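Got chain A sorted already, so can you dock chain B onto it with the hints?
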Amino acid sequence: DAGVIQSPRHEVTEMGQEVTLRCKPISGHDYLFWYRQTMMRGLELLIYFNNNVPIDDSGMPEDRFSAKMPNASFSTLKIQPSEPRDSAVYFCASSLVGGAQSINYGYTFGSGTRLTVV
Amino acid sequence: EDKVVQSPLSLVVHEGDTVTLNCSYEVTNFRSLLWYKQEKKAPTFLFMLTSSGIEKKSGRLSSILDKKELFSILNITATQTGDSAIYLCAAATTSGTYKYIFGTGTRLKVLA
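As you go down the protein sequences, you meet chains A and B in turn. Counting along the first sequence from 1, when you hit position 64 you're at 64 in the working numbering, and nothing is skipped either side. Counting along the second sequence from 1, when you hit position 106 you're at 106 in the working numbering, and nothing is skipped either side.
For the record, the hints were derived by calculation from the structure and aren't laboratory data. Hints may be right or wrong, so weigh each one.
[Unchecked claim] Pairs of lysine-lysine residues, derived as DSS-like cross-links and limited to a Cα-Cα distance of at most 27 Å, are as follows:
hint : chain 1 : residue 1 : chain 2 : residue 2
1    : B       : K41       : B       : K57
2    : B       : K57       : B       : K68
3    : B       : K37       : B       : K67
4    : A       : K68       : A       : K78
5    : A       : K78       : B       : K56
6    : B       : K40       : B       : K56
7    : B       : K37       : B       : K56
8    : B       : K37       : A       : K24
9    : B       : K40       : B       : K109
10   : A       : K68       : B       : K41
11   : A       : K78       : B       : K41
12   : B       : K37       : B       : K3
13   : B       : K3        : B       : K40
14   : B       : K40       : A       : K24
15   : B       : K57       : B       : K109
16   : B       : K41       : B       : K109
17   : B       : K41       : A       : K24
18   : B       : K3        : B       : K41
No experiment lies behind these values; they were computed from the predicted model shown.
Next comes chain A alone, as it looks inside the complex (with noise of 0.2 Å):
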């Protein structure tokens, strides 16, 4: 199993731009979820999917930020347009709530995208 897989690893980009992060969530699992990490706020849930259909967006800080999953092995996060206090660690993670997994072991997480926004 290749667990969740985000990319890109990093992503530096200038004030404006449009930047998208993508996820892979591990195969079987139906819940798909979106942080973001900073120093000051720690974790915080963005959204999260349930078999593909959004479910809770509140975290979503701003009309920039939108995320889709057309299908159960996909996600974006998108920015548009970026600004310098979007930088973070943006992380991806999956779990198959009410299955084994998820009982004994929670979520999964992706190794994140670091963004740097100049």
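Positioned in the frame of chain A, the structure of chain B alone reads:
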């Protein structure tokens, strides 16, 4: 508003010391509490706690949950430099939907 608070925010100890990390939570429809260790990359799972008073152990790490007082502790005995990391706790809530609320973490540094 659901929240999870960890303390201390950071901690520096010497190898061999014992440390206790704290996590308090206020969430609706609490389901479980999880501890994660985060080194350079993604958080990795340590423990999931669902019942009060039952200690979970893994080597030098142990954790316990108090659902009456709404807190959990993570103990690390005989610390080693490899224990240096950010330790995160998260409370799972099923209030309408299913999600985890994370604390900001405790940054532990173990000196040789």
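Hint check:
Using a Cα cut-off of 27 Å, the hinted pair K41(B) and K57(B) holds, with the two alpha carbons roughly 24 Å apart. Between K57(B) and K68(B), the direct Cα distance comes to roughly 21 Å. Compliance with the 27 Å bound is thereby established for this hinted pair. At most 27 Å may separate the alpha-carbon atoms for a hinted pair to count; K37(B) and K67(B) meet this at roughly 22 Å. For a cut-off of 27 Å, the pair hint linking K68(A) to K78(A) stands: about 9 Å separates their Cα positions.
Using a Cα cut-off of 27 Å, the hinted pair K78(A) and K56(B) is violated, with the two alpha carbons roughly 39 Å apart. For the hint linking K40(B) to K56(B), the alpha-carbon distance of about 25 Å falls within 27 Å, and the restraint holds. For the given pair, K37(B) sits about 15 Å from K56(B) by alpha-carbon distance, which is consistent with the 27 Å threshold. With a C-alpha separation of about 22 Å, the suggested pairing of K37(B) with K24(A) holds against the 27 Å cut-off.
Simply put, K40(B) and K109(B) have alpha-carbon atoms about 13 Å apart, close enough for the 27 Å limit, and the pair holds. For the proposed pair K68(A) and K41(B), the alpha carbon gap of about 24 Å is at most 27 Å, so the pair holds. Of the pairs offered as hints, the one joining K78(A) and K41(B) holds, with about 21 Å between alpha carbons and a cut-off of 27 Å not exceeded. Using a Cα cut-off of 27 Å, the hinted pair K37(B) and K3(B) holds, with the two alpha carbons roughly 19 Å apart.
Of the supplied pair hints, the one linking K3(B) and K40(B) holds, its CA atoms being roughly 25 Å apart against a limit of 27 Å. Between K40(B) and K24(A) the CA atoms are separated by roughly 21 Å; this keeps the pair inside 27 Å, and the hint holds. Proposed proximity of K57(B) and K109(B) is supported: the alpha carbons are some 21 Å apart, at most 27 Å. For the given pair, K41(B) sits about 16 Å from K109(B) by alpha-carbon distance, which is consistent with the 27 Å threshold.
Note on K41(B) and K24(A): the hinted pairing holds, with a Cα-Cα distance of about 17 Å set against a maximum of 27 Å. Pair hint K3(B) plus K41(B) holds up; C-alpha atoms about 24 Å apart against a cutoff of 27 Å.
Going down the numbered hints, you'll see the structure goes against just number 5.
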